[in-house]
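A.B. asks: Now for the letters of each chain:
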Amino acid sequence: MQETGRLTIVALGSSTTAGSGASAEDKSYPFVLQSELRRRLPGAEVRVVNKGVGGQSAYDMLLRMDGDVIDEKPAVVIWQTVVNDAIRDIGEEKLAKILRKGIAKARAAGIDMILMDLPWLPREGRYPHFDDYRAVLARTAEQQGVSLFPRYAMMKGWSRSKQFTEEELVGMNGLHLVDAGYRCLASRLADGIVSAVGDIEIQTIRAESPPTD
Amino acid sequence: MPSDPSLQRFMLFGRRAESGSRRRPGRDMRIDMVRGLALLIIFINHMPGNVLSAYMPNNFGFSDGADAFVLLAGVSATLAYGGLIETRGLWIAALKLGARIWTLYIAHMAVFIIVCGVIAAAVTRTQNPLYIEAINIQPFFRDTVDALIGALTLTYQPSYLDILPLYIVLLALFPALYYGVRFSPALTLALSLMVWQGALALDLNLPNSGGHWFFNPFAWQVIFTLGIILGRAAQLGLTAPRLRWLDLAAVTFLVFAWLVKIPAGNPTGIAAFNDWFDSVQLGSDKTNLAWSRLLHLGALAWLVIRWLPAEGRLARSRVGRALACSGRNSLHVFCVGIVLAIIGQIVLAETSFALDVQLLLCAGGVTVLTGLGIFLSWYRSITTRDQRAEPAEASAASAPRPSFSPR
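Quick note, the sequences are listed as chains A and B, same order.
Mapping of the first sequence onto the working numbering: residues 1 to 213, in sequence order.
Mapping of the second sequence onto the working numbering: residues 214 to 620, in sequence order.
If you are wondering where the hints come from, they were derived from the structure by calculation, not from laboratory data.
Check each hint, because a few of them may be wrong.
[What the hints assert, rightly or not] Listed next, the stretches of chain A that the computed footprint assigns to chain B, with coverage defined by at least 3 CB atoms under 8 Å from CB atoms of chain B:
(1) 57-68
(2) 75-87
(3) 96-110
(4) 140-146
(5) 151-157
[Unchecked claim] Beta-carbon label-pair distances, calculated as ranges:
(6) A104(A) to D416(B): 14 to 24 Å
(7) G110(A) to D416(B): 37 to 47 Å
(8) P128(A) to D416(B): 17 to 27 Å
[What the hints assert, rightly or not] With a straight-line Cα cutoff of 27 Å, these simulated BS3-like cross-link-like pairs (lysine-lysine) come out:
(9) K474(B) to K94(A)
(10) K73(A) to K97(A)
(11) K499(B) to K101(A)
Idealized CB from N, CA, C, for every residue including glycine.
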């Protein structure tokens, strides 16, 4: 199956997906994830489509779900969201409802979803409701049976390990380490996807139009 | 449909009935007042997460400050440039419009550079990457060359810097829309609605880095066109006909919107309405406009025209006059408001959204913006008094002044 299979993944999100802080577009996490998956799944036609638009809320992305995700007919969508909703404090109930709608949309189209946890921040106190919104995300993911990629824990781990300084991890001065951050993120995602690849339905090439790349 | 003959005649042929009562033409204080109010609402809403934003009109209805602002932009443009077309001809008006569009473009560029600088300063000092996220300014830092070209061609608009590009496009369309309305408001409105719905069906919008314009001009021209129709009616000195049924319909719709927005979820318990309640409560489509927004704005506008007297106590009160000063200098007030709001967002986060800081920021910002409006009005009054001393200037002053004409 994997030898002839084709795996399309859509990365839906805001600036982490678009590649904020990365030194070039090909350093963004979806791009690295694509090369990583191509390397690890040599037989498969892997395509990771970057649908990140900076500054967008979960609702903005829900509106894009049809055109940007479902029309691409992916096997998996990675939804990186909630950060702008936490900053703007849009209301926890409202956020949960938007997330449920997004998950239901993907599910109805037969697309597996991975939600991405919020980033770890050096000083979370800036946004007093940050943890509450993280909790909404985790709770919704659990209730809906959607896997949540533990980005927050990962980043916190990096900061504890003293491998990088805070500025290097998130700031503007250490652009290349932000690149490194995306690389780690993508490779951990690839780990998860490759180990789950048996469960993910890989469309065979004969099933539909030939792969685009 | 409108049972009033003068309204019917205006909507179909763009002319006033000869018998209709004529209002004394003059600058309508309500336009500047509501515009000033819309500017303050936009300022408060641009600092999301502050307590006051929960009391802004978009929490109680479908439309918000932006809708009112664009509608009144249409009204003001008609009184200024429509009046100029009537008195001085299209070419003079087109030159003035061109100068105005140039001013808007330069203002947009200046705000863009200032905002980029503010964010850069904040991020390098605080190491909080979310300031970049919140304003969608990362393309500028990642690929400055592309972003700069995008900014110049209006194809890269960070968040909050999207109203002026819309306004530039709408003003460029103004002569065509104005001549349309002069010929037949009803026909022009029908065409405008068709363009909107057609663009929706075909997914038409102008490009923005990685996406589309936040304010889709193909959709928002409807509100601008409505504004031109209202402006044209005012230009002809028409008074709003006493249509009780329309008053009642407008009030009913506003109450309905309020009842729908307030609760979380579906209060009727009828499962068939679940999706509809979600769609209006989670956020109405601002990019492509939504019927609910348009109807809500229309209802509000009708009631203001009918029941807020142009020379009433509110318009003459201290608050009314202060708001009108901001409205009259809306470009300056808007631009300063954007920069203040973005600085405000950073201050809010750095102080962990402490309540006293929130209130102080809102009060301070409103004071600065109102003060700026009053100062600019005063400044203009002393400078134009000097000009009036020259006799040549007097003859050109027959048309109502543009709300913020290029100087």
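A.B. asks: Each hint: holds or not?
C.D. replies: The hints, checked one at a time:
1. 57-68: holds (count 4)
2. 75-87: holds (count 3)
3. 96-110: holds (count 3)
4. 140-146: violated (count 0)
5. 151-157: With 0 residues in contact (Cβ-Cβ under 8 Å with chain B), the coverage given for the segment 151-157 of chain A is violated.
6. A104(A) to D416(B): 14 to 24 Å: holds (23 Å)
7. G110(A) to D416(B): 37 to 47 Å: violated (24 Å)
8. P128(A) to D416(B): 17 to 27 Å: For D416(B) against P128(A), whose Cβ atoms are near 39 Å apart, the range 17 to 27 Å is violated.
9. K474(B) to K94(A): The hint holds at about 12 Å.
10. K73(A) to K97(A): holds (24 Å)
11. K499(B) to K101(A): holds (19 Å)
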